[in-house]
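Q: What follows is each chain in one-letter form.
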Amino acid sequence: MNVEKHDSLSIVTDDDIVRVRQRVRDWAVTLGFSLVDQTKLVTAASELARNTLVYGGGGTLLMEVVVNNRKRGLRLTFEDKGPGIADVDLALKDGFTTGKGLGLGLSGARRLSQDFELTSCPDEGTRVVIARWN
Amino acid sequence: MERIPILKMGDILLVSIQVDMHDRLAMTLQDDLTSKIVATRARGVLIDISSLEVVDSFIGRMLANVAAMARVLDANTVVVGMRPAVAITLVELGLSLTGVRTALNVEHGMRLIRSDVERDGG
Chain A
328 MNVEKHDSLS IVTDDDIVRV RQRVRDWAVT LGFSLVDQTK LVTAASELAR
378 NTLVYGGGGT LLMEVVVNNR KRGLRLTFED KGPGIADVDL ALKDGFTTGK
428 GLGLGLSGAR RLSQDFELTS CPDEGTRVVI ARWN
Chain B
64 MERIPILKMG DILLVSIQVD MHDRLAMTLQ DDLTSKIVAT RARGVLIDIS
114 SLEVVDSFIG RMLANVAAMA RVLDANTVVV GMRPAVAITL VELGLSLTGV
164 RTALNVEHGM RLIRSDVERD GG
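Going down the list, the sequences are from chains A and B.
Numbering-wise, the first sequence is residues 328 to 461 according to my numbering.
Numbering-wise, the second sequence is residues 64 to 185 according to my numbering.
Calculated from the structure, these hints are not laboratory results.
These numbers come from a predicted model, not from an experiment.
Backbone N, C-alpha and C define an ideal beta-carbon position, used for all residues, glycine too.
One thing to keep in mind: the hints can contain errors.
If we take Cβ atoms under 10 Å as the criterion, some of the chain A residues that face chain B in the derived model are [claimed, not checked]:
| no. | residue |
| --- | --- |
| 1 | 331 |
| 2 | 343 |
| 3 | 362 |
| 4 | 369 |
| 5 | 396 |
| 6 | 400 |
| 7 | 431 |
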């Protein structure tokens, strides 16, 4: 898999979540994603960016245009150095939350993405990688 | 501070969300709408989201909260103009917007609110 283009954004305030949505939208449009695919990816990114901010205490988003067997995709890596997730399986259940939300962020983002990978170590942080292919 | 304008038309409050809201702005709108329902004794709230390209769980929850609070304050809420791509995404996200009434556009939404207000005895 080749990386054609990459960029990173920091996620430290509310406004950064909006910026993440806009930037992911721009890239998805450039890649020629359908409107529904754009919307799914942007929504997933919005959920994950908020998790990075609220639960991870802030972090970064790495955006990459990836190429695999002539297919191009957008890969997003959200990373924080927060407290980590104690029980990953539980965190991925619909309706589970340790905060005040609906508990749909992680599980919903997984449903909205084609690739989804979550790694987390208690006290070290969390990394979520999602991708959508065109 | 940045705010989403709320218009009053008779006993109905109208809101058209035209910007990509950050979370604080969404919470401000929720609070403003709730106080304005009480201050103006509004019987209906119409929220136009036709400009919104994304409704994530946070904005979805805000819409559901407004509908629930309005209900307690004796006002009906209708959310209008949801884009098809947003509807598809919301369902896949797992957000059912329970308790939020929707209509295709402002015209239908107004009709819905009007008939509710008349039924409930104006």
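Q: Run every hint past the structure and note whether it holds.
A: Hints versus structure:
1. 331: Residue 331(A) check fails; min Cβ-Cβ to chain B is 25 Å, beyond 10 Å.
2. 343: holds (9 Å)
3. 362: holds (5 Å)
4. 369: Since the shortest Cβ distance to chain B is 5 Å, the answer is holds.
5. 396: violated (26 Å)
6. 400: Check failed: Cβ of residue 400(A) comes no nearer than 18 Å to chain B, outside 10 Å.
7. 431: holds (5 Å)
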